[in-house]
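Using the hints provided, position chains B, C and D relative to the given structure of chain A.
Chains A, B, C and D, in that order, are what the protein sequence lines are.
For the first sequence, the residue numbers in the numbering used here are 1 to 435.
For the second sequence, the residue numbers in the numbering used here are 1 to 435.
For the third sequence, the residue numbers in the numbering used here are 1 to 435.
For the fourth sequence, the residue numbers in the numbering used here are 1 to 435.
All the given hints hold, so there is nothing to weed out.
Subject to a maximum C-alpha distance of 20 Å in a straight line, what follows is the list of computed EDC-like cross-link-like pairs (lysine to aspartate or glutamate):
(1) D:Lys330 / C:Glu106
(2) B:Lys330 / A:Glu341
(3) C:Lys370 / D:Glu292
(4) A:Lys430 / B:Glu354
(5) C:Lys282 / C:Asp236
(6) C:Lys430 / B:Asp404
(7) C:Lys326 / D:Glu341
(8) B:Lys326 / A:Glu106
It should be emphasised that the hints constitute simulated quantities derived from the structure, not laboratory data.
Only a predicted model underlies this, so the values are computations on that prediction, with no experimental measurement involved.
There are 4 protein chains.
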Amino acid sequence: MHLILTLITSSRRLKVLHSNSMSQSKGTVVLAYSGGLDTSCILVWLKEQGYEVIAYLANVGQEEDFEAAQKKAHALGAKKVFIEDLRKEFVEEFIWPGVQANAIYEDRYLLGTSLARPCIARGQVKIAKQEGAQFVSHGATGKGNDQIRFELTCYALYPDVKIISPWRLPEFFNRFLGRNDLMEYAKNHGIPVPVTPKSPWSMDANLMHISYESGILENPKNQAPAGMYQMTTDPDKAPNTPDTLEIEFKNGVPVKVTNIHDKTTCDSALELFLYLNKIGGKHGVGRIDIIENRFIGMKSRGIYETPGGTILFHAHMDIETFTMDKEVRKIKQSLSLKFSEQLYNGFWDSPECEFVRHCINKSQEYVQGKVQLSVYKGNVYILGRESPSSLYNRDLVSMNVQGDYDPCDAGGFIKINAVRLREHHRLQSKKDCKA
Amino acid sequence: MHLILTLITSSRRLKVLHSNSMSQSKGTVVLAYSGGLDTSCILVWLKEQGYEVIAYLANVGQEEDFEAAQKKAHALGAKKVFIEDLRKEFVEEFIWPGVQANAIYEDRYLLGTSLARPCIARGQVKIAKQEGAQFVSHGATGKGNDQIRFELTCYALYPDVKIISPWRLPEFFNRFLGRNDLMEYAKNHGIPVPVTPKSPWSMDANLMHISYESGILENPKNQAPAGMYQMTTDPDKAPNTPDTLEIEFKNGVPVKVTNIHDKTTCDSALELFLYLNKIGGKHGVGRIDIIENRFIGMKSRGIYETPGGTILFHAHMDIETFTMDKEVRKIKQSLSLKFSEQLYNGFWDSPECEFVRHCINKSQEYVQGKVQLSVYKGNVYILGRESPSSLYNRDLVSMNVQGDYDPCDAGGFIKINAVRLREHHRLQSKKDCKA
Amino acid sequence: MHLILTLITSSRRLKVLHSNSMSQSKGTVVLAYSGGLDTSCILVWLKEQGYEVIAYLANVGQEEDFEAAQKKAHALGAKKVFIEDLRKEFVEEFIWPGVQANAIYEDRYLLGTSLARPCIARGQVKIAKQEGAQFVSHGATGKGNDQIRFELTCYALYPDVKIISPWRLPEFFNRFLGRNDLMEYAKNHGIPVPVTPKSPWSMDANLMHISYESGILENPKNQAPAGMYQMTTDPDKAPNTPDTLEIEFKNGVPVKVTNIHDKTTCDSALELFLYLNKIGGKHGVGRIDIIENRFIGMKSRGIYETPGGTILFHAHMDIETFTMDKEVRKIKQSLSLKFSEQLYNGFWDSPECEFVRHCINKSQEYVQGKVQLSVYKGNVYILGRESPSSLYNRDLVSMNVQGDYDPCDAGGFIKINAVRLREHHRLQSKKDCKA
Amino acid sequence: MHLILTLITSSRRLKVLHSNSMSQSKGTVVLAYSGGLDTSCILVWLKEQGYEVIAYLANVGQEEDFEAAQKKAHALGAKKVFIEDLRKEFVEEFIWPGVQANAIYEDRYLLGTSLARPCIARGQVKIAKQEGAQFVSHGATGKGNDQIRFELTCYALYPDVKIISPWRLPEFFNRFLGRNDLMEYAKNHGIPVPVTPKSPWSMDANLMHISYESGILENPKNQAPAGMYQMTTDPDKAPNTPDTLEIEFKNGVPVKVTNIHDKTTCDSALELFLYLNKIGGKHGVGRIDIIENRFIGMKSRGIYETPGGTILFHAHMDIETFTMDKEVRKIKQSLSLKFSEQLYNGFWDSPECEFVRHCINKSQEYVQGKVQLSVYKGNVYILGRESPSSLYNRDLVSMNVQGDYDPCDAGGFIKINAVRLREHHRLQSKKDCKA
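Just chain A, same shape as in the assembly:
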């Protein structure tokens, strides 16, 4: 039943265009196609190498003219073009587990790209299997994390797949040493060339975040240029009035957002997340400029804006601490550290990540309730919280109520905790005496 529904949904989502196939090809490649210069050149180049090419373009919320991209791929000779709206499953199956985990890489990065990559690769593999393609290809560079995230998911879900990674093939990267070579190639092969000049950095966008890196940002001392950010308002241009939200969680996942002032309400996953993006973006929330450690062992500089994800990060952290036992929290925190690293390194589709996701999900059983917060000038301020399953006990903690608690017990607790410390001191003194 569930399966059927899914199929219907996805047949509605998929817009497939057939084109003439070549004879005697080396085989069929499903290419992760973005519509941009790089993957357009790769599409043509793959055909040049003797492959039939199926273009695959996933909509994970990036700004894109999907219709135009589809036409373009078709015009460049793609045998078929699949454009798939994965936004709902991106939010529900990838971002939500990230929210449950409070996933964060190296204490700062909310993993927007890392979450999208396995979602896209999974879609691409599905098409490759469905179309009987032995090959998949992508335009990720040879120094980054994305090649790894992309390929590990492909190998995990389709172990016999062959991967063509042009930017790691000498015959490709020696031919296209810079953007000019690509432009030249494009002109010679009827590939439409972008009319606007390329920004002096590279970008990756999806509905969770935009990342900026490379180019002028490679100098770690260079400040990010004004006007770079696209999802968030500059804090100094942000409104002078905060928005106050109430976010309701069930099972560690947001199920409803209410704007206290204007009474706006969202309760479906995608809509809710987009609304948080809107509010966060309006108030300039979620910008970071960091140095990070790539899986591949080099440090890189990345700038990110994650408006809605940042709001959820703070809200979930708060409701979790309110409802989760202290010691469970500690264990869950260590699992989250592992999850974040697995995610960053591209191991979403690994036995260890499946295991950790299972455990984290279990930990969220009672993470429910409402968090009130205000969003203002780049900040998320937690204002209050309530929950039917809170472990917070006002009578227990109150300074004015003794309740069931006997303060004398604390004395014994401390004395017993001091046993070790006093023994240690006894020994140290003995040593000091000797020395």
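Just chains B, C and D now, with coordinates in the frame of chain A:
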């Protein structure tokens, strides 16, 4: 030599006042005295119980009329009064290790009270030993963390000490059931009574932070009242122009702060930290409203403002990631988690905390360089960084330079990382076939 | 359905004896009764203090004349006596999770007492609730772990219970300063006195292990005396022929044991465990002499013999590594460390232990197969293993088969792993040059 | 001073033989030469490819006719031959840190090969730098761990080195598909061919252990054949009388071994370790048969015998627990897990391993004292221990002495630890009521 210097310093710092001692006392108590109603009553009550009382008041940066407090203690019958300026050692010996560690409790609390407590208790124990006092006492409640932090340090440094904790003694807490009882007692014993009404919450202040809890804040849904904060400007009243700072680190510790605009420079620990407090406070940096798990097993609600500490937290995190190897960082992070918990729970003076501090300090050997950041409307924005010992290699990471790096290697790296994932899939498929 | 079955089983198991109840008592106490001198005196003493006493004696496999103990308790004035055979649930619900976890405390102790304590306390609490008793009591000392394990389970399952721990009550421990005082009291109160002299150490036995401590063993340099061990043959008297077993696991739990030589087979949990005890005991397996860290912060010396548990520890470790993914194993290992500590410290009935047990159980999904091993002269030698869900791939690992594996990939893998190391060296050399 | 001594020592150790060098070579390769068929063929093959070859043979305690190996290498055309006795530094600089750490991989493997590899590679790199060789080479296969351990150390210490790994080069591995091809090649190139038939498994030996794998052992169910082990007596042929030893530790490292019976004493590192090997070997100590997870992601089956290392593992564990604070122990244990993994994966010469070694060494400051143990029929039995810096306090732990300890404190300790558990139960009951 060093010892002598210290003694001179501390004799300069200490302002001792003698008073008449009682005959046939139960012994001498060094009381952690704050000058407020509670510890004033405790002082008198202890005398009533037959102890001689030495008042000990540490200056860790709280707003206080130390002269008046001294006179008051004397007037109440303290045998001696010690007022000690510990601000420099608080910053250098307690806050700095916290900065090196990126110490943070439960992902949010920067541990301002936890850092001050062992500093104060150490001072008090020193006096107790010096004065031959067998007892120490304090005014911490029986439900909180401070009693533990205070007493564990005392037991660790002075294993034979006897601790009098009035709020855990039935003869005390049954006599003083509320503030009114204290007021009554004060009136009857010539203890000056505060003229301003008590705020409907309790506060703990030192130069690192102010914490607010209890009273109306005990309802976790109640928003913190306007006008409560004392170290930080409300973000909506904060200046419309950012301050841009450059903070220089050596050995993981800030050694210089420069205000890029007005060229203000600080390079001694205390001065530098106070300056960061000033800037952070002016821009409303470092407010949090959290639920936290006390050591004692109950959840409480705490509100904190940590202006300078928050700036340093972000700046240190940045320079550390810039200069520290990725895998060292991971291990150091797990040590920091332990350190933060030890600190929060009161185990500063424990063998495990000494061990962890040693290891963390070792990890900071090459954590040096300069971080540029702007402080604005409650936010700290990292703008750039530079370091003589950075492991960031621009040529290595650049998209435009191949350098020493062979992109083909990444293919092998990924394939080998996929070995396990493909095996797992192989097995899963076998199972699925069977089922 | 399940519930009903359980009730029938337990009504069959329980042998209840009623006695006359006192009027105007302080209330009813369920006492963990062992039949020995200590708890017999406690029983009488509790009655003396004005309580009605219900004796509770759990059979967790210790050598005991349960009938005699029952009569004795009755004779001493117990209102009721419950004797319950918990051996099956001890194995299935406590030892099995320990086996799944490879639970081991401080790398050596297999936690035999720690596993039994919550099993017994759970039974006792069930009776207390059923009988409407507000009190429970036990004979554990005030310096050990057992008091904690016992009481934490009681508080967790019956939060309003009052616990009477005589060895922590001054009115009791000051009255009974040594064994002689107990003997004297026994004689005066008609309590039968043991005729055999007490061994110069104390013992705790259940079907998993026997522990020995105290008395002459308190000197950590004293070698354990000959003849002390009761479950295991001295290795020098053990047979000169090994026993060879095959143990089959499902879900990380043993489901069948076969003796290869004599074809003995066991496949129910209790029977299987007792058989492993027999074989392990015969060959002197599972003796350790250790120093351990009690929860209470002191070091103690303990000697343990755990014959069957030791065999299972080795067998399970082997089948687990054979069938579990490497990275899952690492995460599971860190969970097991936590589980072992929770268990040792008495937190079986805590949210964190429930969480960890859930996660560990999940990790055991594919831990199945057969392990062959021989047991000989105190050793367990793993001989071989097989499994339908092994991740071991002989073709992949074979030196003689290339298979799907391209050795060239390893070169890329190594080069990428070396990126960091070379950068580190680059920086170190720069520093060395400068210095 | 220290440097000079070292140089003298190493010039004594090194036996260098010059041979005629070729003209117009591709460069010089330092080959890790074992004297066996494989590396002899590689030596000749490298010359064939146009390299000048320096043979490097490290003595880490393996059984080998070093003189013969040297002559053979010379005869095969090596330009120079270096034979270096690294046994002392292997023990002191590699095995000792392993002992301090209680290093063990996946709970069972004592890392004998992992410890030797960086020791050998370091020596080889030293020669390569000294001789101005740009290349190093080795005979490790493309599926194993040793290639990684070897090469990571080379890259770390000599970042510009080029590594020739013939078993990963298609031109080599496609030419030598099996042992017959090597034999054929050997005959054609005047390489002496082994006269004894090869054992149906492969072996790696050093003074710490011998490992056995491959061949008939690749079937994980096949029992290890009788007569395979070379360092240890079969337990059933082991003596019927134990040896009783006393091992003294300082700084976590053994400094003296005394045989209680015959009064044999050793106190230098190498001698002491060889003596423990002798005793352990005589009694059949330290055999394991395991499945392990290679770094490269595949499971393999390995059989190991580590006689002296196993004795030290048990003895060190005991003295460590006796002298180290409980909480320090836990942190150190987590560092050891990391260390063991780093070691196994070949990261000895990494910043993270240097950091962890530093921390572990720090933790050993007070790990000193004497452990008495008996070695018998494959077992190591700890009998007793003593230490000037033990944290074991007999009076504190004794059941017969109250000492400074107030048992009432334990009641408070337990009650406070139960606060969380009771709250959890309170919430669970509420839920159960609702449901």
